[in-house]
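Enquirer: The task is simple: from the sequences and hints, build the whole structure.
Quick note, the sequence shown lines up with residues 1 to 526 if you use our numbering.
If you're looking for bench data, these hints aren't it; they were derived computationally from the structure.
Be aware that a few hints might be false.
[What the hints assert, rightly or not] So the derived label-pair ranges between C-beta atoms look like this:
| no. | residue 1 | residue 2 | range |
| --- | --- | --- | --- |
| 1 | T99 | G245 | 44 to 52 Å |
| 2 | P317 | L157 | 20 to 28 Å |
| 3 | L394 | H269 | 50 to 58 Å |
| 4 | T243 | S199 | 17 to 25 Å |
| 5 | A183 | A235 | 26 to 34 Å |
| 6 | G69 | A316 | 35 to 43 Å |
Every residue, glycine too, gets a C-beta built ideally from N, C-alpha and C.
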Amino acid sequence: MTVLMRAAGVPGWDDAAHLYKIMLLRDGDSIFWDTYWYGGGYGAITYGFVFYWLAQYVPGKLIAILAAGAVPVSFYLYVRDMWRIDDPWPAWGFALVMTAYPAHGQDPFVLALALTLVGLALLARGRPVWAALPVSVGIFANPMGLVVVTPFVIGDLIVRREARRRYLLWIAALAPAVLLRLAVGLAFSEPGAYLNETSQLLVFVGFAFVGVALAGVNAAHPRRPFLVLFLVYAALCVGSFITPGSPLGNNIGRFFMVFGLPLLLLLRHTRLRQPFRHGDLAVVAIAAFAILQFATAASHFFNAVERPQTTRAYFAPALAVAEDLRDPDYRLHVVALRRHWEALYFPEAGHPITRGWYRQADAIHNAFFYAPYDSDEYVSWLRSMGVRYVFLPLQAPLDPWSLPEAGLLEGSSAFRLVAQPGEWRVYRLVDAEPILVPEAAGPGGPARGDISFFGHERIIFSVTAPGVYRMKVTSSPYWVLDGPGRVEPRRDRFMDLHLSRAGTYTLRFEVTPAKALDSLAGRFRR
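Expert: Laid out in structure tokens, this is it:
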């Protein structure tokens with residue numbers, strides 16, 4: 001399927017994000033920080049870095065293919081040895097799921113899922129300490145790999161008394177990795193807001209209730225383990241939905257998106273009268289939820305309208321203009337496309353942008369997009385982000401929250417159309433404010449700041465007078481100022497630079513164990 005997708009020019013939904021993070025490491029940048037998205041934010045360290053590190057040596061798609069192949073086998077071994085159910089059909093169903101799953105482009109998650117299921121298979125075989133090893137690695141590939149199997153762990157602890165000692169040993173062996181992952185998350189935490197949609201919750205809880213119903217009438221296996229499993233999942237879905245600022249949001253649905261068909265296939269034989277000559281009534285429910293499970297992946301193959309906006313050729317005219325307009329004192333704003341490949345192509349060409357790929361990171365500086373906004377608010381936000389030029393794609397589906405931007409750009413007197421390359425329009429913001437702005441200058445005349453180099457983790461700039469300067473880059477305790485002065489965080493999550501003299505300075509991002517521990521301790525002092 002991966003080969004067919006590549007031949008047909010059909011990328012996975014998340015591919016742009018992963019290609020960008022792989023590129024950063026290949027170019028010598030770190031996993032900790034990137035100033036080219038969202039005004040600056042933590043890098044792969046917050047989501048998991050194992051996949052991106054491996055992709056420096058092995059093609060990322062090959063890693064994903066091997067991991068996807070291991071998933072159904074590991075699930076079969078886990079079910080056979082832990083649940084005492086020797087049924088190959090759910091594993092074949094899982095193979096079908098993983099065949100379609102590349103359309104999501106969630107390669108780090110697939111690697112983490114494979115490692116976690118290998119661990120559960122080893123646990124089922126009575127090897128709890130060995131089982132903790134692949135799961136520990138998976139946590140640092142993508143923590144969702146462990147989160148997604150949580151219903152199995154809780155369910156087994158409740159109903160499988162004979163497995164509890166194994167699980168407790170496994171949890172003890174896994175605890176150091178989990179605690180380290182939590183510590184990393186706290187030491188490099190930043191605001192985040194995940195979509196938490198009622199319509200998705202209804203699908204996930206509906207799947208759980210159908211599972212409960214099929215478990216109640218199934219004729220092949222003990223009912224209690226399945227009843228507990230599906231009720232646990234329903235409770236986790238509802239709990240995540242009602243939790244303010246849930247760190248999961250719609251991601252709680254990955255359990256359904258991965259395990260939906262395999263679990264329902266385990267319950268395909270019921271005690272109900274068969275309405276079909278060669279089929280059970282359960283087939284109706286299984287088919288209905290299989291369609292829901294595969295619908296998103298299938299849409300990637302049939303949605304040809306969005307495909308051009310993933311290609312390098314589509315962005316080439318805009319990138320040529322961006323190169324002519326390059327100015328390290330300003331960011332570019334690219335009106336977000338539906339598939340967000342601007343998050344790869346513009347930064348890859350050396351242009352920092354206001355947004356990026358991960359919607360949740362908009363909470364850092366761009367939260368206003370998710371409420372109604374007018375021209376004044378839009379212009380004020382662009383100035384606050386250090387934007388001079390705005391790139392508007394034409395004749396291409398936009399991100400739903402970016403749809404108002406086209407009308408504002410065309411109708412506001414604050415913008416001037418300066419170029420129309422290919423399927424793009426480029427606007428200049430009148431009275432734009434640069435990234436580095438003097439707030440209060442000392443003696444010596446008018447103050448001005450100029451950025452000569454704007455890198456992913458390093459900024460070189462000069463100022464004409466001592467004083468306080470606002471740097472429109474996200475603040476972090478890991479910033480180091482080379483030169484006489486200090487860095488102070490602002491309420492708007494940017495930085496004030498208190499500079500003691502005129503001249504050239506370097507602002508660089510530096511992570512050390514001491515700083516990480518101090519940042520972690522600061523979380524508990526608040």
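Enquirer: With reference to the structure, classify each hint as holding or not holding.
Expert: Hints versus structure:
One distance hint, 44 to 52 Å for the beta-carbon pair T99 and G245, is violated here, with the actual separation near 36 Å. The beta-carbon spacing between P317 and L157, approximately 58 Å, falls outside the hinted interval of 20 to 28 Å. The supplied range of 50 to 58 Å is met by L394 and H269, whose beta-carbon atoms lie about 55 Å from each other. For the pair T243 and S199, the supplied restraint of 17 to 25 Å holds, since their beta-carbon distance comes to about 18 Å.
Our hint of 26 to 34 Å for A183 and A235 holds, since their Cβ atoms are close to 28 Å apart. The hint said 35 to 43 Å for the Cβ distance between G69 and A316, and at roughly 36 Å that hint holds.
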